[in-house]
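As a plain string of letters, each chain reads:
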Amino acid sequence: MNYPVWLLDMFGGGTLIALIAVIHVYVSHFAVGGGLFLVVTEMKGLRENSPAILDYTKKHTRFFLLVSMVFGGLTGVAIWFTIALLSPAGTSSLIHTFVFAWATEWVFFLGEIVSLLLYYYYFNKISSRNHLILGWIYFGCAWVSLFVINGVIDYMLTPGEWLNDNNFWTGFFNPTFWPALFFRTFIALMIAGLFGFLTSVNIKDPEMRHKMTRYCGIWLMAPLVFLLASAVWYKAALPPAQQEMIFTTSPEMKIFLSGFIYLSPVLFAGGLIIAALRPQAVRRPMALFLFLLGLMYIGCFEFMREGGRRPYIIHEYMYSNSILKADLPEYQEKGVLQTAKWVKNRKITPDNRLAAGSELATLLCLPCHSTGGPLNDMLPIARRFTPEGFEAFLGSIGTANPYMPPFAGTKEEAVVLAEYLTTGLIPGLIPHAPVITPVTVAPKPFDPESSEYILLAGAAIGNYLSSTPEESGLDISFGAPLLRAQLIFRDVSPSLILEDATVSYKIQTGKGMLEGTMEATDAYFEAQLAEMPAPLTPFQPFFIAELQAEVEGKIVAVTQTKIGVSTEIGCRNCHGGRYNKEGRGGMTRVTAAGILASHDKRSNTNLSAEFAKGKTVVCSSCHADSSRGTEGKPGLLSLSAAIHGYHAGFISDTERDVCVLCHSSNENGASHSFDGIHKQLDLTCSNCHGILAEHATSLLKQEGENGQATKLLSYLQDKGEVATAEINPRIPWIMEPDCLTCHVEFQPPETDTAFNTWTEDGEELFHNRTGEAGVVLCSSCHGQPHSLYPAKNAYGKEIGALQPLQYQKNPFPIAADKGCAVCHTEDMEDEMHHPGSLATFRNRD
Amino acid sequence: MNAAQLIPTPDVLQVPWGWFQVLLTVTFFMHLVVMNILLGCSIITFLRHASGKSTDVNKAIAGKLPLTVAFTVNFGVAPLLFLQVLYGNFMYTSSVLMAIYWLSIFAIVIFAYYGAYIYTMNYDRIVDYHTVLTGFIAGSLLAVAFILTNNLSFMTNVEAWPAYFNNAEGTLLNFTDRSLFPRYLHSVLGAIAVGGLSIAFYYDLKKRKGDTEAEANIKIGMNWFAGATMLNFGVGTWYWGLLPDSVRSLTGNGSAFFLFFLVLGTVTAILSLIYGLRHKVRPAVYYLLGSLFSMVLVREFARRLTLAPWFKTSDLEVVPQYSPMIAFLVSFAGGLWLIWYMIRLVLTDKEVNS
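Residue numbers (this note's numbering), protein chains in the order written: chain A, 6 to 850; chain B, -13 to 340.
Next comes chain A alone, as it looks inside the complex (with noise of 0.2 Å):
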């Protein structure tokens, strides 16, 4: 944050000092070991007395001139120059603490220069004595270059206890030194042979081609074997979260990785094929293919290596964005526009939000990233994102993105970080709040002195969510809901009605009239959807289920109830895509295909490509899921505990109400499913299920000892309130949030958080919990779960009370307000279904 970032566009991202580093460290590599290729070839030359071979050492010499020392030199100030230009921090870190190092290596190069200018213009002119000493020297001052110059960037990867004394030798022969070391040296020498190859294999005499190449060919196999055993103790030197984040958290790393890993053989049978067979048809294209191999083959060490350092420039020093970690917390405590030097809108204010956003941007994100360019791009993430999703990721980084330097900044300058991220640099795609048309339905007629019977009805919870996998390609929805009702005979003492009665339910679904008839138990008639009913259009978040009950064939009662059904399923905040609903709700393809993308990459499935043959991916097919009545597979984390277990990573914030990015009671939303009267009472989510992290770790904590769930929850260590070793484990769906940790006896509440304490089995949960009579379901007279009486739809008034209106004129609970009326005949005297049941209803507008 000390100095200002050049804009480099498509350039950005690694792409300028990938370019220039790998060629120049494959060109350097092959001035170390090409070097002793000279004048070990010249001995041979020598001992065998062959003119020939000293005639294309001679040759060769020049080509290795003015590749190594005119190409590979001045690449190699090119690297010392862009790196001062995308890091100039990091840059001057490294010089200020190793500028004898360099210093040294400068006198070793001016060694190289001097010895291999004498070595090609003293060819045949001087003694062969002298010659070949010439030629050692030249390795000598090549060899320590490489020696010199290994200590520095491994310091950068490794630095070990330099962190703790600061020493220049200890940061030098730092924990990777010496395997670093070897492995470039037998790497040089490999690459000796692939240049040797583009000489020989012009040799006109075709003995002497046939045997320089087959001599090429030893150079580049022989140390191959000695190459892997180092890399293997490079690893090993590695420390073990440097070992992870290259082999295990960096999806990017993974071509890298089995780049080198696959190349290894095929350079080496690439050396058998070349030295064996002879035609110049298909040894000229094997040389140079090789050449390119030998390139990338070094390209992917590299990319691996400089992988193993993120998010640092120098491990556990510096930040790849210029942060030392030490200024961490003085950066996120005042922010970065009143800590960096070269920031011009040091304060936010509504006209400038865009541009320091943008500034915020330059300094933060563009030292790694590219805009449109083919690497770090960060346009196809933009798209993904929506400015709340972004929001929520940048609280991510560092941790579940644990190749990211963390967010720097302050709350506020994260918002207006992801606000120009997305709607800054993708255009169109400004957010707004939809406009919400009202839906007219009006409540079934009741005459309270002549109907006999009343039917309660609702769905077994107020908001399901669909992926419309039809259309998405992707079921991550929930189970199909489950209707319930009870009919109840009007008495002095009511009476629940289950035999010699029907109930039948009409739902107007997207896909024509979906029809039934209600299954009856021992306490209420049920029916369990097969399926997530097709979504209306217009828009509209739930569906107006029409039920009826005949007794004997005549029809004794008719109501409605709302079931909440929504398409607004944030995936695509952060996955990608647009909603196809009107722009409110519905997942598409793309979205989905971000979801399984993103899946691919951290879980090395192939859901993708089955995806992308047709197949709708059905995530509860793996992930056991109860809402579904799936087991899963073994191993493999619930559904519910995967999906908030992974994204609680993602989604760090622990003050927002971040729920709403996923589900579908986002104030700013299309569906708004939580309506009931908590939400009138400005609860929110977290006060039953507690904030993201602290819900997950619930659920993680049920999985046991499963791997996954280990390394989740260590993202989640104490994010909460509550300490997660004190936070409760629970079986989704069926381990919820008890009502009664609130409402002790059924009593107005002396705490607002029910997090923490759960229903012990499915027979507590409120869509299944009677009265302390035994009869009613406590769903029958208060509603859904979420959609509590009164419950205030924001499509109309009426549709989250449309019961209580139906048989009591207002929104409250049935029976509010000493309404007994709706069942008994009289006036009652005792609180018979629960302490309180006769009070007045306390919480009215």
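Derived by calculation from the structure, the hints in this document are not laboratory data.
Only a predicted model underlies this, so the values are computations on that prediction, with no experimental measurement involved.
Mixed in with the good hints there might be a few duds.
Under the rule of at most 16 Å between Cα atoms (straight-line distance), these lysine to aspartate or glutamate pairs were calculated in the EDC-like manner [stated by the list, open to error]:
id, chain 1, residue 1, chain 2, residue 2
1, A, LYS449, A, GLU551
2, A, LYS216, A, GLU335
3, A, LYS416, A, ASP662
4, A, LYS130, B, ASP(-3)
5, A, LYS346, B, GLU145
6, A, LYS346, A, GLU335
Ranges between beta-carbon positions, derived for each pair [stated by the list, open to error]:
id, chain 1, residue 1, chain 2, residue 2, range
7, A, LEU297, B, ALA93, 18 to 28 Å
8, B, GLY49, A, MET48, 22 to 32 Å
9, B, GLN(-9), A, SER626, 54 to 64 Å
10, A, TRP174, B, GLY49, 43 to 53 Å
11, B, ALA93, A, ASP14, 17 to 27 Å
12, B, TYR272, A, ASP14, 51 to 61 Å
13, A, GLU672, B, GLN(-9), 35 to 45 Å
14, B, GLY213, A, MET48, 46 to 56 Å
15, B, VAL249, A, LEU297, 51 to 61 Å
16, B, LYS195, A, MET48, 30 to 40 Å
17, B, TRP296, A, LEU297, 46 to 56 Å
Far from chain A, by Cβ distances over 12 Å, these chain B residues were calculated [what the hints assert, rightly or not]:
id, residue
18, GLY38
19, GLN70
20, PHE132
21, PHE167
22, VAL221
23, VAL253
24, ASP335
Beta carbons are placed, not taken as given, at the ideal position from N, Cα and C, and that holds for glycine.
Take the given structure of chain A and dock chain B to it, following the hints.
Showing chain B alone in chain A's frame:
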């Protein structure tokens, strides 16, 4: 905007700043000499080819150009390193502001370098392309010189830095600094002078070995040297007039040294010119080297005086660690011995001498 707030905080030194200042001065002087020979000879060769004067001088220069590039680059590394230690917070900043040009240096030099090799290795086969090729080499090196002059002046022109907020794409140049062009011209003319003198020196060596035709070429070299040096007195005066007040006022800390070395550099340049006009090569070389070294010191003091309102190298924090420097000095001495050993190995080789 207060430009001073943009100046980055410097890092900690391992040894007191004076060590780095000495190393910077010495290695920059080495670089300056070789670089001037390269640039000057490139321009001279091009102009000679362009005017149809393709003589032995051109061929002699052609044979040495690649070597000169190699040593110019190598000798440039060390002072750049030590400059970054002392003034990195200024130089990294100016480099970012003009990043595109700054980074293009390596590509331009690579092309010039390969151009030099093509010119050398194919001298007799590409006669028709000598002008174009040497024009390309000289043009490339002039471009590099312009970029370097820009950066080295931009790093001290702190008031111009806020231009970044209107252009962060690395395409700024230090055009707001009125001294940019005279400074550049002063450097280029100096290079031509050194290039001319190096030609004279080369032929003076040949003359001493008995080459009877060398005298004419000494004259050629000396004419370039004398002409360029005389012009440079005028340009130098122009450059002086446009230096910042903090430098010209001669009131700042170190102004006495600045003035002393400026006078010394000017006097030695005049003496060098006098000997040059008389074709006395060696005295001219000695005085010119003296003048160059003095001017290197003038340049250092001018930078210190320019930056004085914001920065002093003496204020840099030091957390001592001497052993790395000792290791470097030992390797430096060893490297010099090794070079001496190699040259001796070649020059005393019986086959060379036979």
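For each hint, the structure was consulted:
Only pairs whose Cα atoms come within 16 Å are accepted, and LYS449(A) paired with GLU551(A) is accepted, the gap being roughly 9 Å. Restraint check for LYS216(A) and GLU335(A): the C-alpha separation of about 65 Å exceeds 16 Å, so the hint is violated. Restraint check: the Cα-Cα separation between LYS416(A) and ASP662(A) comes to about 15 Å, which is no more than 16 Å; the hinted pair holds. The straight-line distance between the Cα atoms of LYS130(A) and ASP(-3)(B) is roughly 50 Å, outside the 16 Å bound, and the hint therefore fails.
Taking the CA atoms of LYS346(A) and GLU145(B), the gap is near 15 Å; set against the 16 Å cutoff, the hint holds. Proximity of LYS346(A) to GLU335(A) is assessed by CA-CA distance (about 14 Å); at most 16 Å being required, the pair is judged to hold. Taken as a hint, the range 18 to 28 Å holds for the pair LEU297(A) and ALA93(B), whose Cβ atoms sit roughly 22 Å apart. Range check, GLY49(B) to MET48(A): Cβ separation about 30 Å, and the 22 to 32 Å hint holds.
For GLN(-9)(B) and SER626(A), the hinted distance range of 54 to 64 Å is satisfied, since their beta carbons lie about 60 Å from each other. Checked against the hint of 43 to 53 Å, the pair TRP174(A) and GLY49(B) passes, with Cβ atoms roughly 44 Å apart. Distance hint check for ALA93(B) and ASP14(A): the Cβ-Cβ separation is about 19 Å, which falls inside the suggested range of 17 to 27 Å. Here the CB-CB span from TYR272(B) to ASP14(A) is close to 53 Å, well matched to the stated 51 to 61 Å.
Distance hint check for GLU672(A) and GLN(-9)(B): the Cβ-Cβ separation is about 41 Å, which falls inside the suggested range of 35 to 45 Å. Against the hinted window of 46 to 56 Å, the Cβ-Cβ separation of GLY213(B) and MET48(A) comes to about 52 Å, which satisfies the hint. For VAL249(B) paired with LEU297(A), a C-beta distance near 60 Å keeps the hint of 51 to 61 Å intact. A hinted range of 30 to 40 Å for the beta carbons of LYS195(B) and MET48(A) is consistent with their spacing of about 36 Å.
The beta-carbon spacing between TRP296(B) and LEU297(A), approximately 50 Å, falls within the hinted interval of 46 to 56 Å. Interface exclusion of GLY38(B) from chain A stands, the closest Cβ pair being 30 Å apart, more than 12 Å. Here GLN70(B) does not stay apart from chain A, with its beta-carbon only about 5 Å from theirs, under the 12 Å limit. The non-interface label for PHE132(B) is consistent with chain A: the shortest C-beta to C-beta separation is roughly 16 Å, beyond 12 Å.
Distance to chain A confirms PHE167(B) as a non-interface residue, since its nearest Cβ pair spans about 24 Å, more than 12 Å. The claim that VAL221(B) lies off the interface holds: its Cβ sits roughly 29 Å from the closest Cβ of chain A, which is beyond the 12 Å cut-off. Under the 12 Å C-beta cut-off, the non-interface status given to VAL253(B) relative to chain A holds; the minimum distance is some 33 Å. With a least CB separation of 4 Å from chain A, ASP335(B) falls inside the 12 Å interface cut-off, contrary to its annotation.
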